[in-house]
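For chain A, the structure is supplied; the task is to place chain B on it using the hints.
Residue numbers (the UniProt record's numbering), protein chains in the order written: chain A, 1 to 229; chain B, 1 to 655.
Check before you lean on any hint, since a few could be wrong.
[Said to hold, decoys possible] Lysine to aspartate or glutamate pairs mimicking DMTMM-like chemistry, simulated, CA-CA at most 20 Å apart:
| no. | chain 1 | residue 1 | chain 2 | residue 2 |
| --- | --- | --- | --- | --- |
| 1 | B | Lys41 | A | Glu121 |
| 2 | B | Lys43 | A | Glu133 |
| 3 | B | Lys43 | A | Glu118 |
| 4 | B | Lys41 | A | Glu90 |
| 5 | B | Lys41 | A | Glu78 |
| 6 | B | Lys127 | A | Glu78 |
| 7 | A | Lys189 | B | Asp234 |
| 8 | B | Lys43 | A | Glu90 |
| 9 | B | Lys43 | A | Glu126 |
| 10 | A | Lys186 | B | Glu152 |
| 11 | B | Lys111 | A | Glu133 |
| 12 | A | Lys186 | B | Glu189 |
| 13 | B | Lys43 | A | Asp79 |
| 14 | B | Lys111 | A | Glu90 |
| 15 | A | Lys186 | B | Asp234 |
| 16 | B | Lys43 | A | Glu206 |
| 17 | B | Lys111 | A | Glu126 |
| 18 | B | Lys28 | A | Glu19 |
| 19 | B | Lys43 | A | Glu78 |
| 20 | B | Lys318 | A | Glu133 |
| 21 | A | Lys83 | B | Glu189 |
| 22 | B | Lys28 | A | Asp86 |
| 23 | B | Lys49 | A | Glu125 |
[Claimed, not checked] Facing chain A, from chain B, some residues (calculated, C-beta under 8 Å):
| no. | residue |
| --- | --- |
| 24 | Ile38 |
| 25 | Ser191 |
| 26 | Pro320 |
For the record, the hints were derived by calculation from the structure and aren't laboratory data.
Here the structure is a predicted model, which means the values were calculated and not measured.
Positions of the beta carbon are idealized from the N, C-alpha and C atoms, including for glycine.
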Amino acid sequence: MGTSKRVITREEWEKRLNEVNIRKEDMNKLVMNYLVTEGYVEAAERFKMESGTEPLVDLASITERMAVKKALHSGDIEDAIEKVNDLNPEILDTNPQLFFLLQQQKLIELIRNGKTEEALEFAQEELAPRGEENQSFLEELEKTVALLAFENAADCPVGGLLDISQRLKTANEVNAAILTSQNHEKDPKLPSLLKMLVWAQSQLDEKALYPHIKDLSTGVLEDHSASKK
Amino acid sequence: MPASASSNNRPPDLLCRLNSGDEDTKLKALREVKNQIIGNKTKKLSYIKLGAVPTVVDILGTASDSDTCLLIQSAAVIGSFSCGVDVGVKAVLDSGAFPHLFRILSNSDDKVVDAAARSLRMIFQSKLAPKYYFLEEEKLEFLLSLLNSENENVTGLGASIISHSCETSAEQMVLSEAGVLERLITLLEGSLNLRDVSLESLAAIIKNNSEIISKFVNLDSGRALSLIKELVKDRYPRTRLLACMVLIAIGQSSPCHLRDIGIRTKLILTLVELLEESDRVGDEAPFALARLISDKEDLHKLALEVDVLIKLCKFLSKVPIHAKRLEGILVALSELCSKLENCRSQFLTLQVLHLVTDALKHDLAEVRTAACICIRSVTRSVKNLSAGHYFNEMTVIPLVQLLHDPCTSVQVAALGAISNIVVDFKIRKSTFIQCGGVKHLVQLSKSMDAVLRLNAVLALRNLMFLLDKNGKECILLELTISTLASLICDPEPSIQEQALALVRNLVDGCVDSIEHVFSEDGLIINSVGRQVSTASKPEVCVQGMYVLSNVAAGNELHKEAVMHHLLQPEASEYTQSVIIKFLQGSDSQLRTASVWGVVNLTYPGSPGASDRYARLRDAGIISQIKSMVNDPCLDAKFRVRTVLEQCMTFPSSSA
Numbered sequence: 001m002g003t004s005k006r007v008i009t010r011e012e013w014e015k016r017l018n019e020v021n022i023r024k025e026d027m028n029k030l031v032m033n034y035l036v037t038e039g040y041v042e043a044a045e046r047f048k049m050e051s052g053t054e055p056l057v058d059l060a061s062i063t064e065r066m067a068v069k070k071a072l073h074s075g076d077i078e079d080a081i082e083k084v085n086d087l088n089p090e091i092l093d094t095n096p097q098l099f100f101l102l103q104q105q106k107l108i109e110l111i112r113n114g115k116t117e118e119a120l121e122f123a124q125e126e127l128a129p130r131g132e133e134n135q136s137f138l139e140e141l142e143k144t145v146a147l148l149a150f151e152n153a154a155d156c157p158v159g160g161l162l163d164i165s166q167r168l169k170t171a172n173e174v175n176a177a178i179l180t181s182q183n184h185e186k187d188p189k190l191p192s193l194l195k196m197l198v199w200a201q202s203q204l205d206e207k208a209l210y211p212h213i214k215d216l217s218t219g220v221l222e223d224h225s226a227s228k229k
Numbered sequence: 001m002p003a004s005a006s007s008n009n010r011p012p013d014l015l016c017r018l019n020s021g022d023e024d025t026k027l028k029a030l031r032e033v034k035n036q037i038i039g040n041k042t043k044k045l046s047y048i049k050l051g052a053v054p055t056v057v058d059i060l061g062t063a064s065d066s067d068t069c070l071l072i073q074s075a076a077v078i079g080s081f082s083c084g085v086d087v088g089v090k091a092v093l094d095s096g097a098f099p100h101l102f103r104i105l106s107n108s109d110d111k112v113v114d115a116a117a118r119s120l121r122m123i124f125q126s127k128l129a130p131k132y133y134f135l136e137e138e139k140l141e142f143l144l145s146l147l148n149s150e151n152e153n154v155t156g157l158g159a160s161i162i163s164h165s166c167e168t169s170a171e172q173m174v175l176s177e178a179g180v181l182e183r184l185i186t187l188l189e190g191s192l193n194l195r196d197v198s199l200e201s202l203a204a205i206i207k208n209n210s211e212i213i214s215k216f217v218n219l220d221s222g223r224a225l226s227l228i229k230e231l232v233k234d235r236y237p238r239t240r241l242l243a244c245m246v247l248i249a250i251g252q253s254s255p256c257h258l259r260d261i262g263i264r265t266k267l268i269l270t271l272v273e274l275l276e277e278s279d280r281v282g283d284e285a286p287f288a289l290a291r292l293i294s295d296k297e298d299l300h301k302l303a304l305e306v307d308v309l310i311k312l313c314k315f316l317s318k319v320p321i322h323a324k325r326l327e328g329i330l331v332a333l334s335e336l337c338s339k340l341e342n343c344r345s346q347f348l349t350l351q352v353l354h355l356v357t358d359a360l361k362h363d364l365a366e367v368r369t370a371a372c373i374c375i376r377s378v379t380r381s382v383k384n385l386s387a388g389h390y391f392n393e394m395t396v397i398p399l400v401q402l403l404h405d406p407c408t409s410v411q412v413a414a415l416g417a418i419s420n421i422v423v424d425f426k427i428r429k430s431t432f433i434q435c436g437g438v439k440h441l442v443q444l445s446k447s448m449d450a451v452l453r454l455n456a457v458l459a460l461r462n463l464m465f466l467l468d469k470n471g472k473e474c475i476l477l478e479l480t481i482s483t484l485a486s487l488i489c490d491p492e493p494s495i496q497e498q499a500l501a502l503v504r505n506l507v508d509g510c511v512d513s514i515e516h517v518f519s520e521d522g523l524i525i526n527s528v529g530r531q532v533s534t535a536s537k538p539e540v541c542v543q544g545m546y547v548l549s550n551v552a553a554g555n556e557l558h559k560e561a562v563m564h565h566l567l568q569p570e571a572s573e574y575t576q577s578v579i580i581k582f583l584q585g586s587d588s589q590l591r592t593a594s595v596w597g598v599v600n601l602t603y604p605g606s607p608g609a610s611d612r613y614a615r616l617r618d619a620g621i622i623s624q625i626k627s628m629v630n631d632p633c634l635d636a637k638f639r640v641r642t643v644l645e646q647c648m649t650f651p652s653s654s655a
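Looking at chain A on its own, in the form it has when it is part of the complex:
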């Protein structure tokens, strides 16, 4: 290609960056949004005191949400369900997908703990009716019950269900649903901003040479490696 890229020097670039005015309060809101969404209650409280930034949700509700998350991480599904229902009974009543995911996780925990008979009874009484309502639930249920058929369930084709990652997946879904019910975005804004930064840089790469941010954790501007053709 014949078109040569425009070269922007570090001085020029920094001058331009300095011209962009970002309000301190907006930056603080971004940080608060991150702390609240990720559930760092204590940090959020400290940050509120230090910066005067008001969180958009009641900080007590974060504690409750984190308690649900903790119960799920430790495999106590029943406790988690009760806590979600105390927070807001609508969440699981109006979200069959999520409710099924929790029931499925409960079944997985029963199987993990070797409570085979209880697991079968639970699958039959509680999960089978959900499978009748929804074809994809039925498939998931069949997969989960298949765990019982193997001597060493962890090594079987559906052994992944016993992975800790399945618990985390369930916990994340529940966390997102609680956040949505509290009028909160389910993902923090900061990571998507960083993604946009990376995307914008790669778009710009096609047109110009300029100082990059390569290490997102430091945000230091690095000069482009001059490769002139």
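Same frame as chain A, but now just chain B:
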């Protein structure tokens, strides 16, 4: 039996503990019931069956205002019973939970208020919830206080009540005058949780009310409207759908606000895109699309240009498809194929007809109905019908089977499709007759249900159109002269009209067919004559006159019979004949039909023509026709000229 933790938490045990005198036991039991039924339809139903709902409502009703835990838990249980199961809503309402829940809305504890508001909102989401009559001043004030509350759940309840109960234009006006539109716009810009319910209320307030719509679009110099247009692009699918619905409501009553081609295209594309959603949103989207393009040819064109038909057909072929969604897609397709020929031909080339035919056998009556309507729409195309290869026994046989469907609306829709299919092509008519279709149609023409009767006679009328002699006899044999005569005298004018049109098609063409109206002592011709002279609806008289005109094209005896019926005075106090009345009337079709009759009666080739001419002249009919040479209706005018030309040939014409 394993010692499961839930063994003493079976529904009957828990119900027993709900009735316990001990507060703590009661509270624990309530929580346990709540945790069992949330998300679990089976459990809800089994508790409802055991009669748990009145017990819980009783706990709610008797707890004091300071028993916040009992209030919260019982309200939450009631809310869950009302969520997703109609029998639950019914049980809750029957147990008198409504006033208790409203009462605790003013409790001083926020959590109690939250629980009550949530439960009431659940109830108001059901069609079974009673209408909230806010035209009463006190109730309006209360509703406004809900809507203006700081508590999001309470505000949401206010909006739910509006979307459930605002129906009449008086109700819409009251809310609009109370500033509710402005409040809802503010809510749209606020909390995410309130946006959807605010959009729903907005749609309820503006629906079919052009006065409120013009107020709404001018609100804040158009900011409200542009806000809704923005929400069509929102990231949440349900919000997009509801915003589309508000715009559709605006476009239906005041199309001037939705002229912009950009927003129209955006609406169409957004709704089609929403079909990708796997939940309720995707199920409702095709219905909204159908409403948007309903009866609007320009929008059909636009939809065709942006490949909506192709996309809809693509979704139609996705399996498994949810029944509601299938119904919606069929409804949208029917709408799209209802007017434009190129829509119909594109539909047929997409080769999805077999899927629609399959849907004729669906378990759900709504789907079967929608499939019939879709076929009716597509078969409006004379061109495609005559091409012949699309519609064969694969479509005709299931349609005939639907004629004895247990659901009336399916039967009516099947009749509609059959009426089109049998219109005019030999092969399909004979397929239809061979598979026993006539028998079913005749049965339905005797139904007690007037709509069924009407549609059955209409289908028979179309089947009779240009049918060969054998076919006509086959129908008459099944229908019988006496049934046909009673249909001509049916209490419903619309059925009289179709029955007469059926006879008109029967006597069209060959002289032999005319004999049928004279059989059994002239039962049919006499009924026709009576209707022509007594019916008050012009449409009935038009068809009756065409029957007489067709009969007048027969032999001398036939013509004389028509003369008899036309020249008798319509009632004793008038000396005027019925045909004079029609010729002088304002209905142009009736004038045309009447002149046609005279054309056939005075046709010069027949022996008695000259004599009939003289009698018509003496009755003042010829001079009446002469006065019509410049009739505003072209059809009538041309036929008048034919009469006058024929008259020139009679010796006494110059007199």
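Unmet hints by their number, sorted upward, for this structure: Going through the list in order, the structure violates hints 6, 11, 16, 17, 18 and 21 and respects the others.
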